[in-house]
Each structure stands twice: as C-alpha cells, then as structure tokens.
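So the protein sequences, as listed, match chains A and B.
Numbering that gives the first Met the number 0 puts the first residue of the first sequence at 0, with every later residue one more than the last.
Numbering that gives the first Met the number 0 puts the first residue of the second sequence at 0, with every later residue one more than the last.
Treat the hints as calculated values from the structure; they're not laboratory data.
The structure displayed is predicted, hence computed values, not measured ones.
Glycine included, every Cβ here is placed at the ideal spot set by N, Cα and C.
Please note that a few of the clues may not be correct.
[What the hints assert, rightly or not] Derived lysine to any residue pairs resembling SDA-like cross-links, with alpha carbons at most 20 angstroms apart:
| no. | chain 1 | residue 1 | chain 2 | residue 2 |
| --- | --- | --- | --- | --- |
| 1 | A | 262 | B | 136 |
| 2 | A | 262 | A | 161 |
| 3 | A | 262 | B | 134 |
| 4 | A | 262 | B | 130 |
[What the hints assert, rightly or not] Per the computed footprint, the stretches of chain A lying under chain B, defined by three or more beta-carbons under 8 angstroms from a beta-carbon of chain B, are:
| no. | stretch |
| --- | --- |
| 5 | 34-40 |
| 6 | 108-122 |
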Amino acid sequence: MAIDSTSAASKLAGMRLPPGIYAVVGIVAVGTALWSLAPETGSRGETLARLVEWAPALAHGFAMNLLISIGAIFIGTLIGLLAGALAMSKSFAGRLARLWIVAFRNAPWLVLIYFTTYVFPFEIHIFGTSVPFPDWLKVMLGLALPASANIAEVFRGAVASIPSAQWEAAASLAFSRWQILLKIVVPQCVRRMLPPWMNVYAIITMGTALSSLVGIHDLLDTAQIASSTVARSSFTVLTYVATLVIFFAYCYPISWLTRTFEKRLRTA
Amino acid sequence: MDTLLHGFVTATARLGLDYRFLLDDYERVPFVQGLGVSIEIIVSTMTASAIAGLVLLLALRGRNRLVSGLARGFIEVTRNTPTLVQLYCAFLVLNMLITQWLHARGFDNPFKPFFWVVLVLSLHKAAFHAEALRAGFDALPSQTLEGAASLGFSRATRFWRIELPLALRAALPALVNNMVELVKASAVASAIAVGDVTYQSIMIWTQRDNVLALMLLILAFFGVLTWLVTLAGRWLERRYRIPGYGY
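Bound-form chain B, shown alone (with noise of 0.2 angstroms):
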C-alpha cells in the first residue's frame, strides 16, 4: 500500500501535480475523513429529501386549502433563492437564535453544523422533488383514474396503491436528476465548516498551494458518485418500467 501511493506520488509529481499530503498522516487522515463525511451527508440528504418531499406532495394534493398554500409558497422560495443564502439563514440566523436561546438557560446547543446542512439541502431539495413527483401525477392517463375510482377503491388506497406508484415511476427520471444535483449541492456544507472533503481539501492547499491536484482529486470523486447515482438509476427505471412505455 505504502509503495503504490509513493509511486502514484512520485508519477504525478512528473506531471507537475503535487500529491505529497497523501504521504503526511496529519493530512491524508482529515482527507480520508472528509470523503466519508461527504458521502455520509449526500447518503443522508438523499433520505431525508425523499421523505420530505414525499410530505410535501401530499400537503401539496391535500383538501385543505391553507396548507397546500403554504406548500406551494415554501416551493417558491425554496426553487427561486440560493442554497448558500438557505443555509446562512438556518445556520448563521436560526442556530443562533436557538443557541442564544438556549444558552439564556444554561443549556448548549445540541445542533451542530452537519446537522443544519442535511436539514437545509434535504428541505431544498424535497421542493425539487414534490415539484418531480407533482409532475408525475399531472402526466397520469386519466382512464386509469377513472377506472380504479369506479372499481370502488378509497381515496387513499387510489393514492398509495394505484397513484403514487405509477407516479413515481413517471416521475423516475427528474427524481434521479434531482438526486445528481444533490450529490454536487453537497458541496456548500464546506462554507459551514463541516469537515467535507472540499472543505479539507481547502484546509491542504492554503498549507501546500496544491489547487489543481487537490481540484483534479475531488473533481474525480464526484464524479464517480454522480455516476453511481446515475446508474442506479438507470436500473430503477429498468426494474420499474411500466411495459407498453417508452423505449
């Protein structure tokens, strides 16, 4: 092991790409940690987003007119401002409020900054989703409706058993959209200080001035999960093909 990254090192080096921090612990650690920490908030985020925006669709469908308003008005704003201005405003203006708050009775704040991060792109996000998934259900043929309505079916047995799947299997393709920009979002956690991989990668080359090996490395693991991402998929939409559609 120790001999392959010294010739990956020495390799690149000829290249003119300075790769000695993965010879240093002190700096190779933080930087492995910072790959697990990002793919911790990208796997997370994923789940919360689809939980959100699943929460969000059904206030959005909902009866009741108040609340799919202010579905409607949180969409708004979450599609029309930027992520970064988002997660100031929860991080820098909430948790501080709630720290202050806390801190006036003698508590500590049990927020931490990887947590504001999953909460803000999660909820970002969702509006992405519901906004996919509300799509998905305009492109739904309305024969089918009709038929399962006049078969007797409920509401909401219409809605979970007959809807929804057919719904999200339309909607496949924008949610796995959604789950690649996701994937490249995570990034801005760097701006909080979460120890992602940009933000230790940011912490190496103010040390070494080694921009563009650094960029080169992180453009690479990005783009091996987006990958990924893609290829999951591409094998959701296989296995969840509705037959008769498409190609």
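Same shape as in the complex, but just chain A (with noise of 0.2 angstroms):
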C-alpha cells in the first residue's frame, strides 16, 4: 500500500497540465469579451466593486449548494446500498428494489425536486410536538433518491466485477450469501466503487443548482436576486459567469481526481 501511494504521488506530479485549465481559461475570456460587449451605465470598475460586494452573499448561497450535495449523497449512499444489496436477491424484497432502480433512474430529477417540495408536508407533527421540514431538507431528499439508484447500479457493478468462482469458493467453506457479500466481496468493492460514486457526487452536486427553482437561496438564486437588485447588464453577465466558474472549480477537481483513480486502477 505504501509503495502503491507514492508511487501515485510520482504520477500526480509528473502528470501534464490538465484540460481543465485551458477551459478556465476559455471560460474567463469569453466571459470579459461578453462584459467589454455588454452596454454600461456607470463605470466597469464600480461594477466589479459590486461583485465583491455580493461575493459574500454568493458563497452563502453555494454553501446552501455544498450542504445539500452532501446530504444527499450520504443519504443516497445508505439507501443506494441497501437498494443495490436487495436487488441482487430473488426474493419479493429484491424485486422492489429493483423496481426502486428503474423507477428513479429514468425520472427527471427537476420532477423528484417538485415532487418531494409539493407533496412533503412543512412540518411534521411527532408526539405533539411540531417539527418543522425545511424546503432544503426536501430538496435534499428529492436528490437523494435518484441518487441512490445510481448508486445502487455503481453498487451492483462492483459486485458483478468480482469473480463468481469466490461466491462458490466461499459457500464451500460454509459462508452463508450475506457473509460472502460484506466480509468477501464488499472489501474489493471498496475501492472499485470509488471512482463511480464520486461521478455520481459531481452529478448530485450539479443537479442541486435545480434547487433555486423551488426558492431555495442557492448559489444560482443568489446570483438572480444579485442580477435584479443591481439591474445591470454589465452586472448581470459577470455574477452569471461567476457562478459558472464556481461550480466548475468544484466540480472539475473531483471529475479529474475521478479519472486518476480510474486510471490507477485500470493499471494496478
């Protein structure tokens, strides 16, 4: 394992430039042709002193972004799991999950963000007492969900890239099928899963920006209420780029972090 790390390390810091660095590059400059090209009322450098005013209100708005990514992953993950667990199985309970699977697979995630923040109540009565259900907690749900059967399919790919002949292997040696999974194949999985499940939190990150159309204050709302407060052309063409290079500073890193993994493991 040692050797493994620093040998990846040698890897990393010979690696050339990555592609992403040209497409920050190309982002910024069309994003400068748009904003010398757009029509001014004051001066450009009172604008960009706005930006920085709203910079703080920006970040408020892609920590909204950040809490519900990792909400939804970590609630995905445990269900995606279960989900992809039970679906290897021929039982009545396999046969839901795997109707689970395709189900939210194969429907619009802006549908499941309406969904969940329509139909899900705003509080929650327990024991009398009323517990409120904020709408980022739904959204997180709604991303969840979808979320999960993705992972339960990454799940399931792991699984099946195991060779069948240590399932026979271990039932000869009196396993019973749920310790073949999580003491045998589960512990292989680990690793193999890895670069998926990190597609799938990009993916999940990406799709919370759809939180803003239901008035959650994200990153992409902020920028709109910023846009319309200010009423700018100038204004408007900087915080829309600016919101797009942030999500791609966040997003990026974990796609290319995604594809060395890959990498190294195609290799080892």
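These two chains come separately, so use the hints to put the complex back together.
Structure below.
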C-alpha cells in the first residue's frame, strides 16, 4: 500500500496540466469579451466593486449547494447500498429494490425535486410537537432518490466485477450469502466503487442548482437576486459567469481525480 | 371520449387524486399542448445533439491542435457545470445582450426561449456524445486500422467508411444512455417558461393544488418516453450488431 501511494504521488507530480485549465481560460476569455460588449450605465470598476460586495452572499448560496449535495449523497449512499444489495436477491424485496432503481433512474430530477418539495408537509407532528420540515431538507431528499438509484447500480456493477468463483469458494467454506457479500465481496468493491461514486457526487452537486427553482437560496438563486437588484447588464454578465466558474471550480477537480483513480485501477 | 374521461376522473378521485383539470378545456388544452412541446424539444434536441456531437468529435480528432484544444475545453466546461446554469448563461446573459443590441438598432430579437433550450441542451449532450464516440474510437482494434491503411484507403475514407461505422456501433449503448438522459433533462425547459409539460403542470397545480396527481402523470409521460428510447436503442443495437462480438 505504501509503495502504491508513493508511485501515485510521483505519477500525479509528473502529469501534464489537466485540460480544465484551458477550459477555465476559455470561460474567462468569453466572459471578459461579453462583459466588454455589454452596455454599461456606470463605470466598469464600480460594477466589479458591486460583484465584490455580493461575493459573501454568493458564497453563502454556494454553501447551501454544498450542504444539499453532501446530505443527498450521504442519504443516497445509505439507501443505494441497501437497494443494490437487495436487488441482487430473487426475493420479493429484491423485486421491489429493482423497481425502485428503475423508477428513480428514469425520472427527471427536476420533477423529483418538485415532488418532494410540494408533496411533503412543511412541518411534521411527532408526539404532539411539530417539527419544521425545511425546504432544503426536502430538496436533499429529492436528490437522494436518484442518487440512491445510481449508487445501487454502481454497487451492482462493482459486485458483478468480482469473479463468481469467489462466491462458490466462500460458499464451500460454509459462509452464508450475506457473510460472503459483507466480508469477502464488499471489501474488494470499495476500491472499485470509489471513482463512479465520486462521479455520482459531482452530478448530484450539479443537480443542486435545480433547487433554485423551488425557492432555495442557493448560488444560482442568489445570482438571480443579485442581478435583478443591481440591474445592470454588465453586472448580470459578471454574476452568471462567476456562477459558472464556481461550479466548474468545484466539480472539475472531482472529475479529474475520478479519472486519475480510474487510470490507477486499470493499471493496478 | 367524454364519458371515458369522466370515468377516469371519478375513478381516480376515489384514490384521492384530483384530475378534474382534464374536464376543463382551459386547462386540458394547454396541458396536451405541453406534451407536444416536450416531444418537440426532445426530438429537435436529439437531432441537433447528434450533429453537434459529430462536429465536436471531428474537432477533437482533427490535426489542428488549437481546434482540438478548444473542443476539449468546451467538453470539460459542459460536463462539469449544471445544465441550468448553462441555460441561464445563454438565456439571461447572451439572449439579453442580443436583445439589447438589436433593440438599439430597432429590431426585435428573433430567438425564442424554445430555441435557447434546444441549443443549450444540444450542445450539452453533444459533449457527452463526443466523449462516448471518442471511447468508441479508442476501442477500435488496431489490426482493423492497420489493415485499412495497408489497403491504401485515404484518411477521410478510413474515417467515414471504416472507423466511424465501427466506433458508432461500439458507442451505441453509451449514446442511447445519453439520449435517455436527454429526455429527462428536457424538463429544465420549464425554468425559462417554455410551455412544456412540466411548465403547464406547474401552472395547473398552482391553481388546483393537485401536485401529486400531475406529478404521477408527468412521471408516466417521461417513463413512457425513456422506455421508447431504450426500445429503439435495443433495436439499433441488434440491427447494427458486429458479428462475433457481444452476446
């Protein structure tokens, strides 16, 4: 393992610049071009100052995106692993789990978010006390549903990549099916599941932008508020390009790491 | 037809689902139109994304380093930012600038929200198509390529007659998957008030507060569409199977 990590480190150090660098240069170039084309009512410097003024609000909005994405991936992983494990069995529960996976893989995310936002109550009554059920939690659950279906597929794929001879060998040593799964197969799967799991997380993070449509004050919603408050074309250009750059700056390193891990797995 | 509709509404009412909007022309007609608009968006995006994906692939594989670098950068941006943010960047920024520029010269903006949705979704999916095709090209057996080169085919002929047909077949499952994702992604059109099925449903449920009933209808609609795309994909895979590969 130690040799493994040092070789990975040297590999990382010797790597060329990722193509994302060019992408960032491209966005900034196009953004600047649009900004210079945009009609300006005041001075350009003042517009930039406005963006700096709004930066804390935008950062606060992005924190909401992160909160939702982390919660959704956490809940989604728990349900997904369970659904994925159940989907492998031939029982009634297995059939239900497969139905769950198919249903939530084929539903548009936006519709699922509307679904959880409008169908769930705004507070829950438990033993006489009412607990508020905030909108961000509903969106989190709405994104956790497709996340769970995708992670269940990731889990199934990883288990399918383990030679079935291992199942037979373990069964001949009198392990039960659940014991084989939990003690022999899953430990080997974790490494293989990491890249696709990170991929699901990046997609979920991008999906959190949809929460602005149901009135969550996330980054995109804050950008909309900012552009309509300041009401200047050049500022609108700046805020939306900034939004694009922020999402890219967060999601691109994840996808780059995912590819690096995939390459390591293939050579390992 | 009318009695059938009435029967459906009363039957579902017993289950606690409110489909009464179907009996009201002022709501049923826009809803049915919304279904049509959604299908229009999906079909035009599928076509445009296939063409744009091929163009991106040509740019990626071309000999011009600058063009292939730009294509690479575009794909990275598209894959790593939310579609909704891209849509807003196009509609609220580009479209706004175009409108202002044209207005200053006394013209109206000819681009409608429908156009922007199709454009953004097509370019978004084109990036995924190009990636799938690139993987297909990487999977081509080197013997085939060498064989084709040794028979004296030109670079263009090799690409169009040998490499692309084989890569397309290898990439077909991934391409079909992209198309299924495209069907699902088309729901974002409602964000910029294109009158698609999601948008019309929002209009209805803000009036009637029957979110669950409409939601089930939309999910069934998208379920049928994704199922049809999957079926078409399976048919294509069988039709264009490479003998001796797969199962």
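Of the numbered hints stated previously, which ones are contradicted by the structure, given in increasing order?
none
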